[in-house]
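Enquirer: The listed protein sequences derive, respectively, from chains B and G. Add 1 to a position in the first sequence, counting from 1, and you land on the number used in the numbering used here. Add 1 to a position in the second sequence, counting from 1, and you land on the number used in the numbering used here.
Derived by calculation from the structure, the hints in this document are not laboratory data. What you are looking at is a predicted structure, and each value in this text was computed from that prediction instead of being measured. Don't take every hint at face value.
It does not matter which identical chain is used: a pair holds within one copy or between any two.
Below, in silico cross-link-like pairs of lysine-lysine (DSBU-like), each with a Cα-Cα straight-line distance of 35 Å or less [unchecked claim]:
no.	residue 1	residue 2
1	Lys310	Lys414
2	Lys307	Lys92
3	Lys307	Lys414
4	Lys310	Lys92
5	Lys414	Lys92
Residues per chain, in single letters:
2 protein chains.
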Amino acid sequence: MDRKEFRDLVSPEAAHEAIESLSLEGGIDRVPLEEARSRVLVARLDAELDVPGFDRASLDGYALRARETFGADEADPARLEVVGEVHAGEKPDVAVAEGEAVEISTGAVMPSGADAMVPVEQTDDAGAVERTDEVDTGGRTDETDGEAVLIRTAVAPGDNVMFAGADVAAGERALGPRTQVTPRDIGLLSALGIDEVPVRARPRVGIVSTGDELVRPGDDPASDRGEIYDVNSYTIAAGVEDAGGEAVLYPHAGDDREEMERVLREAADECDLVLSSGSTSASAVDVIYRVIEEEGELLVHGVAVKPGKPMLVGRLADSAYVGLPGYPVSAMMVFRTFVAPAIREAAGLPEPESATVTGRLARRERYGEGRLRLMPVGLVETGPDEVAPVSGDGGGSPGVDQETDLLVYPVDKGSGATTSLAEADGVVSVDADTDYLEAGEAVDVQLFSPDVRPPTLLGVGEDDPTLNQLLDRLERPRYLSVGSRPALRQLREGVPDIAVVAGPLDREVDAEAIGGWHREWGLVVRPGNPEEIEGLADLIDSDLRFINRTVDSGLRMSVERALEDLADDREASQRELADAIDGFDLGLRAHESPARKVISGDADAGLGLADTADRLDLEFVPLGEQRIRVLANPDRTAKAGVSDLQEAIESAGLE
Amino acid sequence: MDRKEFRDLVSPEAAHEAIESLSLEGGIDRVPLEEARSRVLVARLDAELDVPGFDRASLDGYALRARETFGADEADPARLEVVGEVHAGEKPDVAVAEGEAVEISTGAVMPSGADAMVPVEQTDDAGAVERTDEVDTGGRTDETDGEAVLIRTAVAPGDNVMFAGADVAAGERALGPRTQVTPRDIGLLSALGIDEVPVRARPRVGIVSTGDELVRPGDDPASDRGEIYDVNSYTIAAGVEDAGGEAVLYPHAGDDREEMERVLREAADECDLVLSSGSTSASAVDVIYRVIEEEGELLVHGVAVKPGKPMLVGRLADSAYVGLPGYPVSAMMVFRTFVAPAIREAAGLPEPESATVTGRLARRERYGEGRLRLMPVGLVETGPDEVAPVSGDGGGSPGVDQETDLLVYPVDKGSGATTSLAEADGVVSVDADTDYLEAGEAVDVQLFSPDVRPPTLLGVGEDDPTLNQLLDRLERPRYLSVGSRPALRQLREGVPDIAVVAGPLDREVDAEAIGGWHREWGLVVRPGNPEEIEGLADLIDSDLRFINRTVDSGLRMSVERALEDLADDREASQRELADAIDGFDLGLRAHESPARKVISGDADAGLGLADTADRLDLEFVPLGEQRIRVLANPDRTAKAGVSDLQEAIESAGLE
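Please model the complete structure; the sequences and the hints are all you need to start from.
Expert: Shown next, in the form of structure tokens:
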């Protein structure tokens, strides 16, 4: 087997520097005001006009000469003749002379001659005025003409008037360069009449996923050929947009050099940065690396980080280039650690507020491969301490730590898993020279984003349709369907809040039962039950193909118990009967998978639930009922998520 | 004057309840996967397939039967015949029998018969195998045919294989209802092949600004008619989008009932919520309120909150309706307090992480109007304590508070100001029954958003072009051009970090000078100086119209000093000469405004800077130079923003 080894691995710092040495900036966009929110100004914006552009009444009332109100009060109001009115949006057609006032609306232009205004609440009508001379009113027939007003307060010049430029003055520095525009800034820009805003262009980031086995969501992957959905393209695109870039998806490149080079060149011509996520096959990695090295410039070929070793950094045409690993978790970890900060910087966005929490590691983690390890982790809140028990002397030490305490557990579903990150809250970075972390050791967790909050409930155990509906009533629960046995083990280790277990249990566990329900299990068979299967005996005595569940599953425990009973009846061993069933040892992890094998024709009967058969329009042969039990960690019964679930179980009328 | 008084003001709580009683929800959108980021799921999504859909090799290497490696090690490797190869994306055309192995690529389908794989690093080529029987290779000419491999390690069944459904199992709960989709969730959705995601529709929010005086940015407002730019439409639209809504701008409605009703009805037909921002004239408020009361349903008419008293809540057609005040600051305060939370909830977004900081109030604030007061405030960091002086016994008490200390100052530029919020960081809520807050009192500030950070530097003082350029080199400075006199007063009060002052000072202030420069001031006149103005004397001895700056300005102090000198020469009083200049008492706040009055023909000469004349293509008549001094608060000289500015001054070669 001919296999390309990665050349000298560089340090994570060197990889950061290599990416920083590339230019990702995208120039200047001129966007309309309504699209300027959250964009970043390229230059300072100065006010080109006064705001307001005129002396402006701040209230409804009367514009007048302040000195004519001096000494006025409730007992001795000043009496002024009302010579006209000005509304907002109108040019005043009247001036204020001695002894006169003009009725004015909020926002209207102060008439000339007036230097202050008095709000209407501090005035009274004074009835008609006897005019001493004929005033030319220009043909206006205002009802206020010839009226007088009594001013019951004294005002100073400028009172209740906003002078021109008092809000923003022409020539003033309005917004600085590199400002990320908030709705409040939009207010300022509107006031200045700026309808087009020069902002940093979002860096265009081309995304090229490679691999002959990839299929886009919406299409049908052929599992027998090992086809899988393309996870990286969409995930990385979302990460790019999150970091302030503009993602451009390119068609998949197959693993041959010519096609790969064509797609990479097209992306490089159109984008500021090209991200490939390598097909994980050695040949494809080799092809990409050769394209960049021979047609562009390769700066980094391998980084001492786990996951992410096969990362590439370089240039192609005028574009920057980063090659991400093919495994989705590795690709995203490398993306967020090395690439997202560079995109943010090119977009002009500030580094996000540091979002780091400290917690205790749930279990000992060995490592020591001499590479920086980026370990995805989940969080469980273990505090605040529950209410001290009324009787008994246990119950911890109340008052020691009323703060919420965080337990940190590694999330690792193995290489190639796509869900790990959806089930994780952040990352713990473990130094290259750290060989292990002890259980209980304090670790810093960098949250995936500042708004990440630990789940309200961490549950593990059986996959169950009723449970799924109950979980829907909770806010932000996390549930890992690991099966009954692993769930009990994890509960004993003190990690989850609850374990949901089914079927007969091997041994007791220190836990508080907070509810449960029964479910019907049996054989899921084809519609109409053409093989006339009535029970396990039919599987033993025929060559019908059966699909079982894994030994972790509660259903597996129940079917083994049933087989044992049958063995007693027949005076045979359980092993003999199991061997007689074609496929009894073939256990699938997913609770619906056996039923789906029946649909696809790969099996005649699958172990499953009545509910599943119903949902998938299959026939169901009942074999028994099993009890689902929800067991709470005894230290967490007071946790809101646990009591919420308990309430949901009770209010659903389950028992 | 006929004026509509607001009826019974309701409490802020009652206003919240009224808005909650309206339904803003917009239904369901089905968006393509690439647009699902940050959207909110309407329902739980379950896995409809196993991921991976087949048993999958996790590494490059050899697929084999685990039991054949039992006991193998470096010294005694197991030797297996290589009978074929499988690449990712290919259907295996070979099975593994006893004594055999199949070369396999990462991600490829495990061939039948194999139950584990060994990575290539733990194998060695063993050269050609002497075949003992003729095997039908189906015409394949693989180079590996007839090769053997040495396996240097023992593996257990399942090692280095990801079994079907191990990542996600069919039927498993994938994402819960109300999940806000992260890039990591997009990864999970991609893996499940989901290309269309059912999410909550963003509530459509129609925005209707009313007022005859409003002009949209991009157009030209006629200041003589009191026209102003429409600030509310764009600001509220940005706030709506921030809260997860979709903003729809409607044309301005004028103040007449028929037009207002037509626009409001159109918006109500098309949107889930209509927001009007009232023209502040009493007549317009009256019209809107009547339309809602007569054509829809009016629930709230006036709220005991300042600003925001004239808020309306009701229904029109099938839409919810909220009437916001007309003043931009009031409109935004009401929007964010009452409306944004309702939009967020309708959009399914979680309440943002509480972003509250505690600080000390910079100055005593009186209030006591019996309404909840929402006070926009700015923040200044006053700590960490500066390095203790090497000598001297002052310098505070190191170690007492090494945390950053925050000073909180109210931002209030008066009714109608649009910039207040752009210069504020958050809001202090003052209870209706609080009459005053003492200086130094601890107050909680609700930040406008969780990512708000206090400015790195708070400067106040003179508006100056050189200063503007220096500020551009700093990250997130805030500068309030209040003029020299107010700047000195504020510096004495201990609020800003620096004061930038110009011209002769009345009295000394306790401050540390960190730099300065000279600027040329004089008269800005029309191009070509048609009036042949050579100095102040020409203004005294003619009827040329002059425009001055306000008494707060450093230029005003310099021109008064110059006039004094001239008065000495002429043996006249300064007052006499000032009276002889047409417009000497007419002071404008903005440093460019006098020049702009020259351009508009309203004046023959304006007080200004050489720089301004140059920028606006006007002629400049120099009258003198004045010193700009940058004075730092003596307690804040160690603050990064202050030293950054000092460095910027020095590196610009200013003195």
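Enquirer: If a hint holds in the structure, say so; if it does not, say that too.
Expert: Hints, one by one, checked against the model:
no. : hint               : verdict
1   : Lys310 with Lys414 : within (19 Å within a copy, 57 Å between copies)
2   : Lys307 with Lys92  : between (72 Å within a copy, 31 Å between copies)
3   : Lys307 with Lys414 : within (15 Å within a copy, 55 Å between copies)
4   : Lys310 with Lys92  : between (72 Å within a copy, 29 Å between copies)
5   : Lys414 with Lys92  : between (73 Å within a copy, 25 Å between copies)
Of the numbered hints listed earlier, not one is contradicted by the structure.
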